[in-house]
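Based on these hints, arrange chain X on the given structure of chain L.
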Amino acid sequence: DAKTTQPPSMDCAEGRAANLPCNHSTISGNEYVYWYRQIHSQGPQYIIHGLKNNETNEMASLIITEDRKSSTLILPHATLRDTAVYYCIVSNSGGSNYKLTFGKGTLLTVNP
Amino acid sequence: EPEVTQTPSHQVTQMGQEVILRCVPISNHLYFYWYRQILGQKVEFLVSFYNNEISEKSEIFDDQFSVERPDGSNFTLKIRSTKLEDSAMYFCANRAQGNIQYFGAGTRLSVL
Chain L
1 DAKTTQPPSM DCAEGRAANL PCNHSTISGN EYVYWYRQIH SQGPQYIIHG
51 LKNNETNEMA SLIITEDRKS STLILPHATL RDTAVYYCIV SNSGGSNYKL
101 TFGKGTLLTV NP
Chain X
1 EPEVTQTPSH QVTQMGQEVI LRCVPISNHL YFYWYRQILG QKVEFLVSFY
51 NNEISEKSEI FDDQFSVERP DGSNFTLKIR STKLEDSAMY FCANRAQGNI
101 QYFGAGTRLS VL
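Which chain is which? The protein sequence lines are L and X, in order. Residue 1 is where the first sequence starts when you use our numbering, and the numbers rise one by one after that. Residue 1 is where the second sequence starts when you use our numbering, and the numbers rise one by one after that.
For reference, chain L alone in the conformation it holds in the complex (with noise of 0.2 Å):
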């Protein structure tokens, strides 16, 4: 599985939109973005994924450049409950194994 580099860690005021970077300069064409949360030390939960097209959903928005080795989360509006570990994950789709290769994410603190 490629590689992904995130900041360690980022701020953003509730009620503002977080954004969060993540480079993944060797991604293959067969390989998805996805990303994940861990809240304190909860199971990690899944936000989104997508290959090369942006996607959104009810919890984020993933932007993802055109040349695929970088993307962004985005949280429109973050609240307190937002505050987590976000991990940004890069995997083939096919298969049968399919593990996730976690890193160390990105501490997301959201202030009041």
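Simulated from the structure, these hints should not be mistaken for lab results.
Just the calculated beta-carbon pair ranges, DEER-fashion:
| id | chain 1 | residue 1 | chain 2 | residue 2 | range |
| --- | --- | --- | --- | --- | --- |
| 1 | L | Ser-41 | X | Ser-58 | 13 to 23 Å |
| 2 | L | Glu-58 | X | Lys-78 | 35 to 45 Å |
| 3 | X | Met-15 | L | Ala-13 | 44 to 54 Å |
| 4 | X | Lys-83 | L | Ser-41 | 15 to 25 Å |
| 5 | X | Lys-83 | L | Pro-76 | 42 to 52 Å |
| 6 | L | Arg-16 | X | Ile-38 | 28 to 38 Å |
Glycine is no exception: its CB is placed at the ideal position from the N, C-alpha and C atoms.
Just chain X, lined up with the frame of chain L:
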């Protein structure tokens, strides 16, 4: 969001004892995973399980570990002779459409 249930939430055991961690996955999902997270460290892949067989395992998953789905519903992780360094959070996950993995809340294993 589909639910994956793990029991117990916290398991305390003496070094050398056997422990069994249980996971009740989402019904009709065929792919199962175990991950662990040592306090303050990354989430690490242990093993993937498909069609009642191990499909991939990590270096961590040595002979002390085993997985099975004894009754077609519960998915278990057994550690035969626990060591102090096995103390960690253990997460079970299911794989759903779109290769999204849904994680349980985890079992905190404390080896004394």
